[in-house]
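Q: Sequence:
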Amino acid sequence: MIFLWHGRITFSTIMRHAIFIALVGTTLVAGATAGDSGLLVESYGKLLFVRADGTGRVLSDSTNSAALSPDGQTIAFTTSSQVLSIMSVAGGPTKQIVKLPAGSHFGQIGWMKDGRSLLYEGEGGHLFIILTSQDGSIPRDLGPWYQGFSVSPDGSAVVHAVNSPVSGLEVLDIPTGRRTLIHKTGKVVWNAKFAPDGQWIAYEMTFRDPPRTKNDEPDCTPPSISLRLYSMRTKADMAVTISAAPRDWNTVKSFDWSPDSKRLALTAGTTDCDYPGSANGVFMTSVDQKAQIRVSAGEMSLEPVFSPDGTALVFVDFSDPPAKLIRYDIATRNRTVFRRGSETDNSYHLLDWK
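Heads up, the final residue of the sequence shown is numbered 359 in our numbering, and it's a clean run with no missing numbers.
By construction, these hints were calculated from the structure, which means they are not laboratory data. In this text the structure is predicted, and so the values were computed from the model without any measurement. Built from N, CA and C at the ideal position, the CB exists for glycine as well. Hints are supplied without guarantee of correctness; some may be wrong.
[Claimed, not checked] The calculated lysine-lysine pairs, modelled on DSS-like cross-linking and capped at a C-alpha distance of 27 Å, are:
id, residue 1, residue 2
1, Lys189, Lys267
2, Lys189, Lys240
3, Lys118, Lys295
4, Lys359, Lys100
[As the list claims (entries may be wrong)] Pair ranges (Cβ atoms, derived):
id, residue 1, residue 2, range
5, Arg252, Leu136, 46 to 56 Å
6, Asp253, Thr99, 37 to 47 Å
7, Asp214, Ser236, 41 to 51 Å
8, Thr60, Leu186, 43 to 53 Å
9, Lys295, Ser86, 30 to 40 Å
10, Lys219, Gly50, 33 to 43 Å
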């Protein structure tokens with residue numbers, strides 16, 4: 006999952022940071038039923054499906070990465086034994102899809118838009134696609150892959166941020182296997198994501214390298230990272246600037262698209278050796294950056310994710326221990342504590358919301 010911290014040599018988007026969000030330290034016993042909207046949460050390797058009322062259930066006791074299907078009813082997940090499986094969020098048996106050979110490891114996994122196939126980074130650092138509906142399906146090798154991926158809304162293409170031999174955004178056409186460098190940058194790039202309408206690609210880029218040290222002394226300071234938007238229509242590229250953020254909150258640590266592609270929610274914070282660092286906040290901006298708001302109230306808030314209908318955000322807050330999972334209503338601007346942590350149950354990671 007995390008192959009290297011924000012210093013960004015290579016890592017999976019899904020588990021790229023050790024996000025610590027805390028839920029109540031009690032056993033989750035309620036089941037999920039068809040049609041439920043739920044949060045996918047990782048806790049000490051356990052995978053949880055948590056509903057809007059705070060109830061939920063353990064889906065797997067050993068998980069490395071996971072993703073919800075487009076309809077939110079099926080989960081794909083990998084384990085420490087390097088097996089990719091699927092199962093219903095309502096429970097029941099698991100179905101093994103792929104087992105990697107010894108010495109290989111999964112990177113990011115994700116669903117195709119039709120919910121019938123999975124993409125995954127696997128053997129040899131290649132990207133693969135495989136049908137989940139057919140037993141014994143043979144994965145199709147899409148070739149060497151640099152880091153992470155995001156599928157276009159029509160399911161025909163995949164984008165990723167590349168840094169070799171040049172830095173920029175590369176799009177793979179799935180039917181033909183053709184690759185196109187659609188945008189070249191002068192700095193290292195990370196974490197490219199299509200907007201849900203396909204008109205934009207948001208991505209992260211190094212804008213300030215770590216300070217040079219004297220006499221080759223080690224320095225753990227990572228680069229400072231900005232968020233940028235690339236227009237698929239005009240081919241223009243622009244930086245996203247959050248005017249409401251304190252001046253030293255100059256690094257973007259995560260972001261999420263709204264379902265209507267009109268907004269972005271992001272974590273902005275200080276550039277520190279450790280994660281999550283000394284201060285962070287959650288912000289929301291329109292794509293044209295004319296409307297911006299600070300969503301969080303404290304100074305240690307992280308990892309915003311939009312609700313499936315786009316009316317709310319959930320984010321993690323550490324400002325006043327124990328940690329909390331907070332729901333933010335976009336229309337009313339009300340914040341509600343969704344779950345509250347305990348001293349003994351304080352390490353969770355929010356993965357997805359469908």
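Q: Now tell me if each hint is right for this structure.
A: Going down the list of hints, with the structure as the test:
1. Lys189 - Lys267: 25 Å, holds
2. Lys189 - Lys240: OK: Lys189 and Lys240 at ~11 Å, within 27 Å.
3. Lys118 - Lys295: 31 Å, violated
4. Lys359 - Lys100: With a Cα-Cα distance of about 21 Å, the restraint between Lys359 and Lys100 holds, given a limit of 27 Å.
5. Arg252 - Leu136: 46 to 56 Å: Taking Cβ atoms as reference, Arg252 and Leu136 lie about 50 Å apart, which means the hint holds.
6. Asp253 - Thr99: 37 to 47 Å: 46 Å, holds
7. Asp214 - Ser236: 41 to 51 Å: 27 Å, violated
8. Thr60 - Leu186: 43 to 53 Å: 47 Å, holds
9. Lys295 - Ser86: 30 to 40 Å: The hinted range 30 to 40 Å is violated for Lys295 and Ser86, with Cβ atoms some 50 Å apart.
10. Lys219 - Gly50: 33 to 43 Å: Check passed, 41 Å falls within 33 to 43 Å.
Checked against the numbered hints above, the structure violates hints 3, 7, 9; every other hint is satisfied.
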